[in-house]
Amino acid sequence: MRFTPNSDAVVQEMLNSIGLQQLEQLFDDVPDQVQMKRPLDLPPEMSEMELYSHLSHLAGKNMAAAEHPCFLGAGAYDSYIPAALDQLLLRSEFYTSYTPYQAEISQGILQAIFEYQTMICQLTQMDVSNASLYDGATALAEACTLAAVHTRKQLIVVPETVHPEYRQVLDTYAISGYYEPVFVPCPDGIMDWDRVAGIMNEQPAALVIQHPNFWGHLEPVEKAADLIHQAGGLLIMVVDPLSLAILKPPGAWGADIAVGEGQPLGNALNFGGPYLGFMAVTRKLMRKLPGRIVGQTDDVEGKRGFVLTLQAREQHIRREKAGSNICSNQALNALAAAIYLALLGPRGLKEVALRCHQLAVYAQRRLEEAGFPLLYEKPFFREFVVKTPDAAAINQRLLAQGMVGGLEVDGGMLLAFTEKLNRQDIDRLVATFKGE
Amino acid sequence: MSQLIFEKSRPHSNKMTIPPAEVGHVDINKTIGEEYLRTGELPLPDLNEVETVRHYTFLSKRAYGVDDGLYPLGSCTMKYNPKIDEWAARLPGLAGLHPYQPVETVQGALQIMYETAQWLSEITGMDQFTLQPAAGAHGELTGVMMIKAYHNKRGDRGRTTMLVPDSAHGTNPATANVVGYRVEEVKSDPRGLVDLEDLKSKLGPHIAGLMLTNPNTLGLFEEDILQISELVHGCGGLLYYDGANLNAIMGIARPGDMGFDVVHVNLHKTFGTPHGGGGPGSGPVGVKKHLEEFLPIPRVDKRQDKYLLEYDYPHSIGKVKEFYGNFGVVVKAYTYMRALGREGLKEASQHAVLNANYVKEHLRDTYHIPFDRLCKHEFVITAKNQMDSNGVATMDIAKRLLDYGYHPPTVYFPLIVREAMMIEPPETESRERLDDFIATMKEIADQAVDNPDVVKNAPHNTVVRRLDEVKAARNPVVRWEESGDV
Numbered sequence: 001m002r003f004t005p006n007s008d009a010v011v012q013e014m015l016n017s018i019g020l021q022q023l024e025q026l027f028d029d030v031p032d033q034v035q036m037k038r039p040l041d042l043p044p045e046m047s048e049m050e051l052y053s054h055l056s057h058l059a060g061k062n063m064a065a066a067e068h069p070c071f072l073g074a075g076a077y078d079s080y081i082p083a084a085l086d087q088l089l090l091r092s093e094f095y096t097s098y099t100p101y102q103a104e105i106s107q108g109i110l111q112a113i114f115e116y117q118t119m120i121c122q123l124t125q126m127d128v129s130n131a132s133l134y135d136g137a138t139a140l141a142e143a144c145t146l147a148a149v150h151t152r153k154q155l156i157v158v159p160e161t162v163h164p165e166y167r168q169v170l171d172t173y174a175i176s177g178y179y180e181p182v183f184v185p186c187p188d189g190i191m192d193w194d195r196v197a198g199i200m201n202e203q204p205a206a207l208v209i210q211h212p213n214f215w216g217h218l219e220p221v222e223k224a225a226d227l228i229h230q231a232g233g234l235l236i237m238v239v240d241p242l243s244l245a246i247l248k249p250p251g252a253w254g255a256d257i258a259v260g261e262g263q264p265l266g267n268a269l270n271f272g273g274p275y276l277g278f279m280a281v282t283r284k285l286m287r288k289l290p291g292r293i294v295g296q297t298d299d300v301e302g303k304r305g306f307v308l309t310l311q312a313r314e315q316h317i318r319r320e321k322a323g324s325n326i327c328s329n330q331a332l333n334a335l336a337a338a339i340y341l342a343l344l345g346p347r348g349l350k351e352v353a354l355r356c357h358q359l360a361v362y363a364q365r366r367l368e369e370a371g372f373p374l375l376y377e378k379p380f381f382r383e384f385v386v387k388t389p390d391a392a393a394i395n396q397r398l399l400a401q402g403m404v405g406g407l408e409v410d411g412g413m414l415l416a417f418t419e420k421l422n423r424q425d426i427d428r429l430v431a432t433f434k435g436e
Numbered sequence: 437m438s439q440l441i442f443e444k445s446r447p448h449s450n451k452m453t454i455p456p457a458e459v460g461h462v463d464i465n466k467t468i469g470e471e472y473l474r475t476g477e478l479p480l481p482d483l484n485e486v487e488t489v490r491h492y493t494f495l496s497k498r499a500y501g502v503d504d505g506l507y508p509l510g511s512c513t514m515k516y517n518p519k520i521d522e523w524a525a526r527l528p529g530l531a532g533l534h535p536y537q538p539v540e541t542v543q544g545a546l547q548i549m550y551e552t553a554q555w556l557s558e559i560t561g562m563d564q565f566t567l568q569p570a571a572g573a574h575g576e577l578t579g580v581m582m583i584k585a586y587h588n589k590r591g592d593r594g595r596t597t598m599l600v601p602d603s604a605h606g607t608n609p610a611t612a613n614v615v616g617y618r619v620e621e622v623k624s625d626p627r628g629l630v631d632l633e634d635l636k637s638k639l640g641p642h643i644a645g646l647m648l649t650n651p652n653t654l655g656l657f658e659e660d661i662l663q664i665s666e667l668v669h670g671c672g673g674l675l676y677y678d679g680a681n682l683n684a685i686m687g688i689a690r691p692g693d694m695g696f697d698v699v700h701v702n703l704h705k706t707f708g709t710p711h712g713g714g715g716p717g718s719g720p721v722g723v724k725k726h727l728e729e730f731l732p733i734p735r736v737d738k739r740q741d742k743y744l745l746e747y748d749y750p751h752s753i754g755k756v757k758e759f760y761g762n763f764g765v766v767v768k769a770y771t772y773m774r775a776l777g778r779e780g781l782k783e784a785s786q787h788a789v790l791n792a793n794y795v796k797e798h799l800r801d802t803y804h805i806p807f808d809r810l811c812k813h814e815f816v817i818t819a820k821n822q823m824d825s826n827g828v829a830t831m832d833i834a835k836r837l838l839d840y841g842y843h844p845p846t847v848y849f850p851l852i853v854r855e856a857m858m859i860e861p862p863e864t865e866s867r868e869r870l871d872d873f874i875a876t877m878k879e880i881a882d883q884a885v886d887n888p889d890v891v892k893n894a895p896h897n898t899v900v901r902r903l904d905e906v907k908a909a910r911n912p913v914v915r916w917e918e919s920g921d922v
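Line by line, the protein sequences are chains H and Z. For the first sequence, this note's numbering gives the first residue as 1, with consecutive numbering after it. For the second sequence, this note's numbering gives the first residue as 437, with consecutive numbering after it.
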């Protein structure tokens, strides 16, 4: 199956019209030594019907977590996606378009991103949002670079209650030399306040708090902003956007930068991507925010319109002086997030968040009754670690029952609860834990 | 005027319902604690589903995609995005997979990743690929980090400088800077190719490598590539291939055979996955054997017909992204590659290059061609004639194209060409589409002479006219607020 509309006869006429006889002549400038002298060692083309059965076969070899009770979370959540969402995403003017550099014919995309930026600000209670970044982990890395550049300091304090993959990405990005992460052990499932406070005299550029943290627990955020601000650094909060429907947002805690994984907002699991990282900052950091930003302006007739703005920050202008090499955003994923928030609305989103929390609380109580207490006795939003030495065996039993168990961690299992689960699912989970 | 979704919000019009949990009473003031709870209403727009659907349908009509028409954006490869790819990526057995599921439940997904890496290796002539980077620029970051890791492991820490041609994409120097390199530019010669003498003068023991696009951003094949490779390797540097222009050479020449050590490819350019209005993309990175140990973890391996995720690579640069990359995009690219197969991929490149040369030759008498050679999948012309005689600039011509229903070419890039227009008519465009575009470009050139104002004041037919970008940057309004602007 090919998507080249010109027939051989047309190709020949086109060649002749520019004074050539055959296609090979178009590559006369490629030195003989680097010309491939053999066909690519790959299978031949497939018809659409063959593709249909091949891809169906490959997909059929997997177990779709989204079609089973799924207790896996840890940064990716099996949320319900309203039917209207994908139909809108399939409007091909959206998904087959390029970055909206040509503003006059890209107003729809620019406006949608402007609205996305506003919604992220509404959720986080921050002043300014960018148009999205690759994912939550890279958004955190960009936030740390921003903090280091802004404060002209390097040390980033990162409690080990931050998602391990985020910490790994942070470590990889540290090769830049902009910042230096220091990871703080937290044996009690929440940030070790004394250890963190102890580092404050080392002039940190920022303190990172994931709230709720990787284990699902609420962090002692109340005095965190004061602590880091007094030390001359910034507070970076990593948040689950859904939690912000009921939890106090980063802006209210005094955060300078809020980042997170936007996947829970209407983006399918997709085996880990594509997702979107969101990033919002206080107004004073606006001109240091990485990534694309859409702004409002007027056209020559005074009509409101939208453009990519503050581009003086970006790589195509600053080149070797750029602090970030970001050249795209996750526009379609950000669009999905915005449509999701619009479809759910203020009450719907809150009800989803409450349902997740209520199911998690119910599961925790039932598990505790069954002899599986919390590993860390702390309040949680929609995830927690249940204590068990047999997580692997329990997960095998859950799988045999058609359920996707939680993440196996030291001393237990990290369980997540989305609104797609119900009481019966949880009762089956508890029964399987008990070996029934 | 277009209303914002917030301006359409009416209290209590959203009637989406969420079923109650039915798990007994949960008092969040106790389970979470009052001090942790949001106070006041959540300030999101409040619309009924029908109004939300109409809002986004309206917005979609104010956008322009490949399905609307020709999109000759140079260096972006705006080819047709096959519909079967969208179908494939949405299969529940692919879209519904959690990244932390047990590997035995995701064998089909890992097979797709494994085979995609194999296909990319064969197409580019590299030994191994990672699919983790989320975009081209992210691939560059990953690739240059590996170059740094390679030198570091050899104790070769004096290599502080990355070379980039003066025609390079902005992401090249930005990437090198972000990875902590000093950036030095290599000049282009009168042919529009890397100036070998200038390159030689900049080589030395401080050089970490050279980042190169081939064909380059002028659409020209770097004919001296083997010599360039010898020179860079001769001083201990590595050669990085920016895959933005891979669409010109599939099945014809391979970066691996040209001497490149690291390549990134853009699945959203060469392999037909949609650009999504600016993302998601995917920027897999391929390496030769001597760099394999530095690839990000996890890697997809295969043992006795079982696919697995392997983390045990102690010299890996680590992770550059959550999980395993933009898998959903990889599925689309895999479907695309399987559709075309070995002959189809080569034909795609041949037709892309034919289309570019066809358009270039037919515009020869109308627009200035700064580097007049056989081009590859794209070429650069300029508005020099129009500027000199009537003051009509490239931007004016670009905006006038909007009136005719075209997306304009890439403009003012590469930076070394004044009034540049970089035109890439991909292989999925028919001769009729190209002829229409050529005719339109000629008509605009005529207007630039007969009625320059109509070009200078373009666009006239779009939903908004030229926008005040200076105002947007000076007084940034980057969100809506009920009480007025921020």
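Quick caveat, the hints were computed from the structure, so don't treat them as lab data. Check the hints yourself; a few may be wrong.
[To be verified] List time: in silico DSBU-like cross-link candidates among lysine-lysine, alpha-carbon distance up to 35 Å: (1) H:K37 with Z:K623; (2) Z:K444 with H:K420; (3) Z:K589 with H:K420; (4) H:K61 with Z:K725; (5) Z:K820 with H:K350; (6) H:K288 with Z:K589; (7) Z:K451 with H:K420; (8) Z:K907 with H:K321; (9) Z:K444 with Z:K738; (10) Z:K907 with Z:K820; (11) Z:K738 with H:K61.
Measure nothing beyond the straight line between the CA atoms of K61 (chain H) and K725 (chain Z); if it is 35 Å or shorter, mark the hint as holding.
holds, 31 Å
Taking only the CA atoms, is the gap from K444 (chain Z) to K420 (chain H) under or equal to 35 Å?
holds, 30 Å
Take a quick look at whether K820 (chain Z) and K350 (chain H) sit within 35 Å of each other, Cα to Cα.
Distance of about 58 Å is beyond 35 Å: violated.
Within 35 Å, alpha carbon to alpha carbon, are K451 (chain Z) and K420 (chain H)?
holds, 19 Å
35 Å Cα cutoff - pair K37 (chain H), K623 (chain Z):
holds, 32 Å
Between K907 (chain Z) and K321 (chain H), does the CA-CA distance stay at or below 35 Å?
Judged against 35 Å, a Cα distance of about 24 Å means the pair holds.
Satisfaction of hint between K738 (chain Z) and K444 (chain Z), Cα-Cα up to 35 Å
violated, 53 Å
Compare the distance between the alpha carbons of K288 (chain H) and K589 (chain Z) with 35 Å, and conclude whether the hinted pair is satisfied.
Status holds; Cα separation ~33 Å.
Straight-line Cα separation of K738 (chain Z) and K61 (chain H) no greater than 35 Å?
Since the Cα atoms of K738 (chain Z) and K61 (chain H) sit roughly 16 Å apart, the hinted pair holds (cutoff 35 Å).
Tell me if the straight-line CA distance from K907 (chain Z) to K820 (chain Z) falls inside 35 Å.
Status holds; Cα separation ~29 Å.
Can you confirm whether the C-alpha distance between K589 (chain Z) and K420 (chain H) stays at or below 35 Å?
violated, 48 Å
Hint check: violations occur at hints 3, 5, 9; the rest are consistent with the structure.
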